[in-house]
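**Student:** Here's the letter readout for the chains.
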Amino acid sequence: MTMRPDPTFHASPKLAMEAPAENFAYTLLLSPGFSKPDALAVIDVKPGSPTYSQIVHTVTMPNKGDEFHHFGWNACSSALSPLAGHAFIERRYLIIPGLRSSRIYIIDTKPDPTKAKIHKIIEPEEVFKKTGYSRPHTIHCGPDGIYVSTLGGGGKDGTNGPPGVFIMDCETFEVLGRWEIDRGPQTLHYDFWWNLPRDYMVTSEWALPPQFENGIVPEDLLANKYGHRLHFWDLRARRNVQTIDLGANHQMALEVRPAHDPVREYGFVGVVVDTTNLEASIWTWWREDGKFHAEKTATIPPEPAPKEKLPPLLQGFGAVPPLVTDIDLSMDDRFLYVSCWGTGEMRQYDVSDPRKPKLAGSVHIGGIARRTPHPNGKAFAAGPQMVEISRDGRRVYWTNSLYSTWDDQFYPDGVPGVEVMANVGRNGGLELDKDYFVSFPDGYRAHQIRLEGGDCSTDSFCYPSV
Amino acid sequence: MFDGLLLLPVGLDGMPASPALGWLWLALVASGLYHGINPGMGWPLAVSAGLLDKSPRALFRALWALAAGHLLATLLVLLPFAFLLVLAEWQRPIQLGASLLVIGFGVYRLIDRRHPRALARIPPTQLALWSFAVAIAHGAALMLVPIYLGLCQALELDAGHEAAGALMKASLAMAVMVSLVHVTAMVGAGGCLAWLVYRYLGLKFVSRSWFNLDAVWAISLVLVGAVALAFNLVSWR
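Chains U and F supply the protein sequences, listed in that same order. Counting in the numbering used here, the final residue of the first sequence is number 466, and the numbers go up one at a time with none missing. Counting in the numbering used here, the final residue of the second sequence is number 237, and the numbers go up one at a time with none missing.
The following block holds chain F by itself, in its conformation from the complex (with noise of 0.2 Å):
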């Protein structure tokens, strides 16, 4: 699963890396990792459906659901940026907007910590479904648009001497590989969690581990978006 990290030194096709490929991939890992820890993203409720079914394979299966869904929410927030690449000179005001969209999000959620009541409707059966819409809602694929673009970037996949559908075909899988070793993370980082808390840690580390990371969040998306919008405007440069 980890495939994406043997492209680290080398980049897509052999193309030599640029010194901040290794940065954006660990950036992407750390996302994983975040989300993923993060109790708010789900890895208690695979504690609560093993102990519910008195079976680890029950906590193996919520942790799947939980993972197909944030990953479908990154490829949704993805893709299209993946088919706008295509548009080589315009990559420019879409790496800007990509920013400004990512900083804009993080300032709403500083503003408006509420989380959306209609999350709270979705059946505790549908966990893939309240996965893809948390993720979503909390602008968790949100955050790999700037890290995505920028890998885009420092492959080179923008340059306009590519054909079109080698260009897309390119981002494409760039896409699915950064939403991929993205989600390897998060759901690495919540499934040892989840396994440790039910096979030995105990029901109270559930509520000990949680910490309110709301505007930590709000901020992330902030931090995230304005280091790619530093880095765009001093490669116009």
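Pulled out of the complex, with its shape left as it was, chain U reads as follows (with noise of 0.2 Å):
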């Protein structure tokens, strides 16, 4: 606890967009075949310092396969409104979750980046035994404590019930139990995210343990089993309030990404692949009158490619589906980043008018047929995956790595890991910054980027920008 609250905590999207700009961005690795733990890369990105784009620390973890996925942050801007009870709690601790061995990891990361290391963990056993979930995910720090979402339910293949979010004290890290009281018709999950003011979450779902850890299995994909469906809920209350169904055909509802201006009452979702006809997908949903909404909104069309350029599992289609991945809302909701991490696409929109986006900037850079290296001339390896975004919006990074064995199916070569970073121009635009290229240690893929001081997908705010 502090006397005054965090600095890197405000109040508004605008005064974080305000609020100087981060020196080190944390990235996850992962060893894909477990042969090494994973771990936790900082990296300096302050220009203009001798060690800019280099890895200054590295926090090593001490078990194999935990497979580092997501994670966040312990606290946030958030704490500022007098409702979350702590306005105290310092942005310190970093929350990794090993999405297939289960375990969490706590890094802190004080009194320096340079120096973060091993803080608690929490093994897989204790979350099994409180929550009957498994497959942690998404970390938010939310009203009354640290959320976090799951792919699995019980039993050593996660099917054994369906998974949901669990609560862990935002001190102690210790876990607390299950979040929802009503889940209604949600049986998978993915990501998840809130309005807190308005007091609603809304989650999304991927696919069960099954379908996902061994690889993704086609046939499920071709049979429109994977999840398509977007949860709201009331937050407090614990209850799934609506359920939309965007169509079995949209297969993979994966990042969730609401407005962080509170006041206003929308987000986004991407559609990883439309069976149909190979598309990806941009949805909006909003809430009028009490009711939530869903429409598609933007289309990214397959790629045609010649059969020698496609791995064995694309053969048959003759074409690259752009798979939209990750997609990230600048802080002032004005641009939405959509990896298209198929065909090699970075996408800039331009969502002022959240159901019309235009697209705004794109780079190219890899993917399945295309394969464009990068301007300074290195190759770059699969397509851009996790995308992260600077609180003042100048600045978009992102990583390479999808999930150990799909990048093996989509990307058989291989995917040494890779992070790159785009300057935004002052009105849109998008281009790749040629001094910024990491590469990381030999056998680590890399996968979601924490810039230093939050960044646009962790802190959610309680005021509006004015």
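Since the hints were derived computationally from the structure, they do not count as laboratory data.
Think about it this way: if two alpha-carbon atoms lie no more than 30 Å apart in a straight line, the pair counts; the simulated DSSO-like pairs of lysine-lysine are:
#1 F:54 with U:14
#2 U:46 with F:204
#3 U:130 with U:64
#4 U:117 with U:129
#5 F:204 with U:14
#6 U:110 with U:64
#7 U:46 with U:434
#8 U:291 with F:54
Hints given; two lone chains; assemble the complex.
**Tutor:** In structure tokens form, the structure reads like this:
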């Protein structure tokens, strides 16, 4: 506990944008064959620094086979609401779940990011015993603790009961228990986020563990057995209040990105693939008169490609699906960044009118068929995947790995971990920065990025921008 | 709303004022201001409400809800003491017990500074309930008990010569008065801050104005209880 609120807490998204820029980027590293322990890399992103674009510190875990994926902070700007009741908590600990092991690491980033160290390890058994869930995934600091979404239920393969959300204490990191009181028709899980003052949560669906742990199951995909629904919840009452089916052909509704400004009651979700035409799509959801709605507002077509350029999985289709695997919304809710992991493109949509996204910028890098190199000449394996935006919206960072077994199916030639950055023009437009290119140690792939002091997919706000 | 202050020099029913009386009313108003400016007691929520609805009216609605919750909590804590005062011959043990209770709660808050998690589960639409729960949980209402008992004593409401019915009426009236004065001061201070931030100072002030008062708060409880205890012990002699 501090005497003053953490300087990285900002009442509104606008104040967060005006705050000093990030000096460090935290990036999760995973060992695809589970031959080495997963790790957290701390990268210097301060322009002009002698170690710019280099790894300046690595926290290596004591276990193997965790499969790091997403992570989050113990606290964010939402602590500035008196309703949260812990205004003097520090943004200090990174909560890193092992998606495959269900183990959770708490990393202490103080006193200095370059000295980050393990603070606590929560063993999988504790998660299983206290929640009945497995395979923890998305982390958000919430009103009454740290919220963790999971992809698996109980049992060895995670199919014994539906997956859901559980809560951890934000100071002791003790696993407290399940969040849901009434899950309604929800049986699958992936991402979640919320509008705190408006008191709702939105969750999305990927798949059950047998559908992803050993790779994508093509038969299940073509039979539309992956997730395709959005669930809307009364956050404090912990009840599912509405479920919207995007249509069974819209397979894998993944990242949920609500507008940061709490006065705006809308958000976006990306759909990986439409099984009728291999298209990817962006959907806008919104609340009007207490009811939620969702509609498809942007589509990205597949790109035809000769068979010899395609992995066995796609050879029958003669085309590369865009595979929108991550999306991220800038702090001012103006630009939506869309990772096309299949075609190798990072798209920037102007979503000032949220139901009419306009393509404002794009860069090509990597891709199954295109294989576009970085402007500095270096190869970029796979495509743009986990994307993170600086608070001021001027820099967009991304990595290239999706999930160990899926990487191998779509990019059988291997996915050496890389992190790049693009600069954003004042009025949009996107250009890769020639000087920012992080190659990770051999045998490591890179997944989610978190920026020092918060970024566009961590902080929730309780006051509108004015 | 400051009717209570008009009674300052004379007390109820025109009884002569004791020298402690002025200080007690002052302490009461000061406690209200103190609770009011503390962001943890809710004024930033009124700012948020005003900004979300883009209307000063929403800000004032939120302030009313915060005031109503705080008032209810104060009354709920003071009224049992108002009833107890009827037992005139027990007044000293009651005062002693109340002081120890406040000290004890202060010490507890000093040791365990954690905020009850249940409070964070109250929906943002139920600000009055939240304000009520926070005032109870943090001992904001409890802090007023020694002041209230002191006022009753100074105004000789606890004198044994009154009939029980009249005594109860007077002590209940005093409980209502104490609650109203306190909450008026609180909502006045919090409301002024909320309005200034909403209209002029901007949201940066929300984090700037926030100091960790957990320890100070707990110590205030101990102090209020200790001062009351000291007065009790002195007046016994």
